[in-house]
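Protein chains in written order, with the working numbering: chain V, 8 to 253; chain F, 59 to 298.
Simulated from the structure, these hints should not be mistaken for laboratory data.
Just so it is clear, the structure is predicted and the values come from calculations on it, not from any experiment.
Backbone N, C-alpha and C fix where the C-beta goes; we use that ideal spot for every residue, glycine too.
Errors might be hidden in some of the hints.
Unchecked claim - Straight-line distance between alpha carbons at most 20 angstroms, and here's what the computed SDA-like set of lysine to any residue pairs gives:
| hint | chain 1 | residue 1 | chain 2 | residue 2 |
| --- | --- | --- | --- | --- |
| 1 | V | 243 | F | 185 |
| 2 | V | 160 | V | 144 |
| 3 | V | 167 | F | 102 |
| 4 | V | 43 | V | 211 |
| 5 | V | 160 | F | 203 |
| 6 | V | 160 | F | 157 |
| 7 | V | 243 | F | 144 |
| 8 | V | 167 | F | 157 |
| 9 | V | 167 | F | 180 |
| 10 | V | 160 | F | 185 |
| 11 | V | 243 | F | 184 |
| 12 | F | 294 | F | 101 |
| 13 | V | 43 | V | 33 |
| 14 | V | 167 | V | 248 |
| 15 | V | 167 | F | 181 |
| 16 | V | 43 | V | 19 |
| 17 | V | 167 | F | 294 |
| 18 | V | 160 | F | 116 |
| 19 | V | 160 | F | 156 |
| 20 | V | 121 | V | 160 |
| 21 | F | 294 | F | 102 |
Unchecked claim - Here are some, though not all, of the chain V residues that point toward chain F, as calculated from beta-carbon distances under 7 angstroms:
| hint | residue |
| --- | --- |
| 22 | 149 |
| 23 | 161 |
| 24 | 252 |
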Amino acid sequence: MLPVIVLLGLLSIWYFVSITDLFPGYALPSPLAVAKSFREEMLAGRLINDIIASLWRVAVGFVLSALLGIPAGLWLGQHMHARHAFLPMLNFFRFLSPLAWIPFAILWFHIGDKPAFFLIFMATFFPLVLATMSAVATIPSIYFRVAQDYHYKGLELLRKVTFPAVLPQIITSLRVSYGIAWVVIVAAEMVGCQDGLGYGIWEARNGLRLDSAVCYMMVIGLLGMGIDRLLYQLTKLPNVRWGYER
Amino acid sequence: MKDKSAVCRLQLERVSHSFGQVSVLHELSLVVNHGEVVVLVGPSGCGKSTILNVLSGDITPLSGLVRREGVIRTIHQQDGLFPWLTVSENIAMGLRSMENTAHREREVSDLINLVHLEGFGHHYPHQLSGGMRQRVELARVLAGDSDILLMDEPFSALDYQSRVRMRRELIRLLQLRPRTVVFVTHDIEEAAQLADRVMVLSGRPATISCELLIDAAHPRDLTDNAVIETMKKILKELGL
Chain V
8 MLPVIVLLGL LSIWYFVSIT DLFPGYALPS PLAVAKSFRE EMLAGRLIND
58 IIASLWRVAV GFVLSALLGI PAGLWLGQHM HARHAFLPML NFFRFLSPLA
108 WIPFAILWFH IGDKPAFFLI FMATFFPLVL ATMSAVATIP SIYFRVAQDY
158 HYKGLELLRK VTFPAVLPQI ITSLRVSYGI AWVVIVAAEM VGCQDGLGYG
208 IWEARNGLRL DSAVCYMMVI GLLGMGIDRL LYQLTKLPNV RWGYER
Chain F
59 MKDKSAVCRL QLERVSHSFG QVSVLHELSL VVNHGEVVVL VGPSGCGKST
109 ILNVLSGDIT PLSGLVRREG VIRTIHQQDG LFPWLTVSEN IAMGLRSMEN
159 TAHREREVSD LINLVHLEGF GHHYPHQLSG GMRQRVELAR VLAGDSDILL
209 MDEPFSALDY QSRVRMRREL IRLLQLRPRT VVFVTHDIEE AAQLADRVMV
259 LSGRPATISC ELLIDAAHPR DLTDNAVIET MKKILKELGL
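Bound-form chain V, shown alone (with noise of 0.2 angstroms):
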């Protein structure tokens, strides 16, 4: 119930600021005038179209950097020279703002999907490298006793001991790692795309038409919560919530 009040303060808080003369109509649109800008956006199909073409980019973007990510930092955490070896350039690219790719990711891979997938790619990869490489390294390590004791070896411990050990922490790092891809999206989408939210908050600043930015704004903060909801019930699984609960 609290969280609808704090919303309803919100919009009227808007609505109030957007009546006065405070700002002019173009500069403030109205709820009422956003609301009219969604119905519009979402019959001409553009919405739609846009919302698919920036979930697709982030999916595959995402899904590429977790299916590299996740092994390496297991492969990094268990293996002390290695982790020497590769923490100062993780660390680096880590603090380097994805942004700072988009020019290359142009040159690279031209407009399209491709410059979209490369920059979650560069946004993502690293963080979930370096939080599994931590959890790995950080196991206790009665449990690689315990395995030892009952015969665990090679690959039979990484997927029964090593990997449902970090499981939690990796899935705290995908979450978080999935929220800084979908801020990444909107800016790469802006500069290297010719579809997606990112985009279309683009165009709409191009014809001045901020009823239809704020539009986009509100679909990308609601889909980023909502994709968010879907990958918390991941920490719901019975095999992880040890991981949550102590």
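Dock chain F against chain V, hints included.
What follows is chain F alone, placed relative to chain V:
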């Protein structure tokens, strides 16, 4: 159960070990006989756990000989269960070599019943009390082909009453499924109640300052004469 008399053997011969400058074990010799419960008592920091780690193979001593035959499993003080596995799955860890699924499941449920955890097979360790978790540990080490159990203060994280109850539980389980046990504790009451043989350790580097054979039958009550006599001797040996 197959006969294990020939397989299990545990022996230290003039074993010395040190961490950096600190000598922890000095020329320590110890033979553990088949089916025997040997309890090592001593003040904390005297090197009891190091002895267990040498016996388990986690530490290779700097000098001396370690003979170790048979399947060895360790029960830790706490948190030795895999939290991502249910009670049944934890117990089944030692039964992975059993091909027949039906046999394996029957063995798991037998073990669950043995430690009185009927109905908890699908629970996860974090949903159980400390005492229940240690009972799962007992069931787990007893599963399958284990010969030797190393116990590193397995009940010391429990409250007093659970601790007393768990001692009785351990004796009962060992009567049903005999194993060779090396048990480390600082609790002299525990030592006197459980042991066939008590080794009192002193100082650092750890040396065996006295060895007490207790031939009173199991289970022993805390107030049994043999137990009280043994406790007196241990206390005296420790200078308390």
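Results for each hint:
no.: 1; hint: V:243 with F:185; result: 15 angstroms, holds
no.: 2; hint: V:160 with V:144; result: 18 angstroms, holds
no.: 3; hint: V:167 with F:102; result: 34 angstroms, violated
no.: 4; hint: V:43 with V:211; result: 14 angstroms, holds
no.: 5; hint: V:160 with F:203; result: 18 angstroms, holds
no.: 6; hint: V:160 with F:157; result: 19 angstroms, holds
no.: 7; hint: V:243 with F:144; result: 15 angstroms, holds
no.: 8; hint: V:167 with F:157; result: 18 angstroms, holds
no.: 9; hint: V:167 with F:180; result: 18 angstroms, holds
no.: 10; hint: V:160 with F:185; result: 28 angstroms, violated
no.: 11; hint: V:243 with F:184; result: 15 angstroms, holds
no.: 12; hint: F:294 with F:101; result: 13 angstroms, holds
no.: 13; hint: V:43 with V:33; result: 14 angstroms, holds
no.: 14; hint: V:167 with V:248; result: 16 angstroms, holds
no.: 15; hint: V:167 with F:181; result: 18 angstroms, holds
no.: 16; hint: V:43 with V:19; result: 17 angstroms, holds
no.: 17; hint: V:167 with F:294; result: 48 angstroms, violated
no.: 18; hint: V:160 with F:116; result: 16 angstroms, holds
no.: 19; hint: V:160 with F:156; result: 17 angstroms, holds
no.: 20; hint: V:121 with V:160; result: 40 angstroms, violated
no.: 21; hint: F:294 with F:102; result: 17 angstroms, holds
no.: 22; hint: 149; result: 6 angstroms, holds
no.: 23; hint: 161; result: 14 angstroms, violated
no.: 24; hint: 252; result: 6 angstroms, holds
Violated hints, in rising order: 3, 10, 17, 20 and 23; the structure is consistent with all others.
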